[in-house]
Amino acid sequence: MKIHARCAAIVLGLTMAGTAAAEPAWPPAEQILTVRPGDTLAEMLSKAGVPAAEAHAAGLALSPIFPPRLLAPGHDIGLRLDRSAGNAIRELEVSPAPGRSILLRRAATGFTVEQVEADRHRHLARVETGTGDGVFPSLVQAGLPPALAQSVVRALAHEVDFQRDMQRGDRIEVAFERFRDAEGDLLGHGRVLHATLTLSGREISIWRFTPPSGGSGWYHAEGQPFGGGLLRTPLDGARLTSGFGMRRHPVLGFTRQHAGVDFAAPTGTPVVAAADGVVSSMRVEGGYGRIVRLRHAGGMETRYAHLVRFASGLTPGVRVRQGDVIGMVGRSGVATGPHLHYELRVNGRAVDPA
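So the sequence shown is numbered by our numbering: it starts at 28 and just counts up by one.
No farther apart than 20 Å at their CA atoms in a straight line, the calculated lysine to aspartate or glutamate pairs in the EDC-like style are these:
(1) K74 - E118
(2) K74 - D109
(3) K74 - E57
(4) K74 - D103
Keep in mind that the hints were calculated from the coordinates and are not lab data.
Please construct the entire structure, taking both the sequences and the accompanying hints into account.
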């Protein structure tokens, strides 16, 4: 029996009995401790009546499977003490995630630790929504987890310009995996399996499929691989503010060639690589401000300018995959507000990314 369930039953029994014989007030033999900000396992066990040496030994025993530093606010710890043995720990249970428990038990010499995983039952779930607030926020509001919504946006970005192609009345539907335990409690989500975006009557339908050769990917309903090439927009939730070509510069005041396109977005919005490539440079360059340059196959280069910061771990020479975050929108360099300047160059010549 799980310690959490046993403790809950004891509390319920005492509440209903009212006049049940009271055990010694301190320390309770069975307790449920809830982690709060700043708590450590050693401090929590000490407050629960566990001797310091015993708490230290329990932490060391847990570390190979679940280091105590991974405890987070909201986690529950089920604790069962042996008061006849100086409040030694008989059992300790941590539930760091739905359906996952770490159980520590007293043994003849020290402790034993095991990880228990609940049986996962796979279900198919579906959401459908309009896209009036943008594809990503609309999907999240409809109940799709943000990480899955982002994967849909990145997949469709191969063929959809989310700033130019979307119209009032467009809709999207998504089918995805959801996992529950035997009691029906939610354990988590799996992958997106299918998405259909309807654009003014035109349907873009994609399916996740794993061919015999391996490597899961997106495919059209007819079986052809979906995607490839450059993403048309390397960020989500942005608004196109300046196109490619001649324009009057908003800061410098004179007319000149605008070698890319600008997308207005809140500071900190993630910017992703438009295609697989290698970081050729990441630095501050005059009017560009913080800029990342990626080198791609076929003599192509993409540039991402005015960033507020670069992605953690990004360095020149690092290989990135399409959709990897490379930086965050800002207004460094010559800029009137937070936005991304996105350039595509082929053999050194500027080309309209749209």
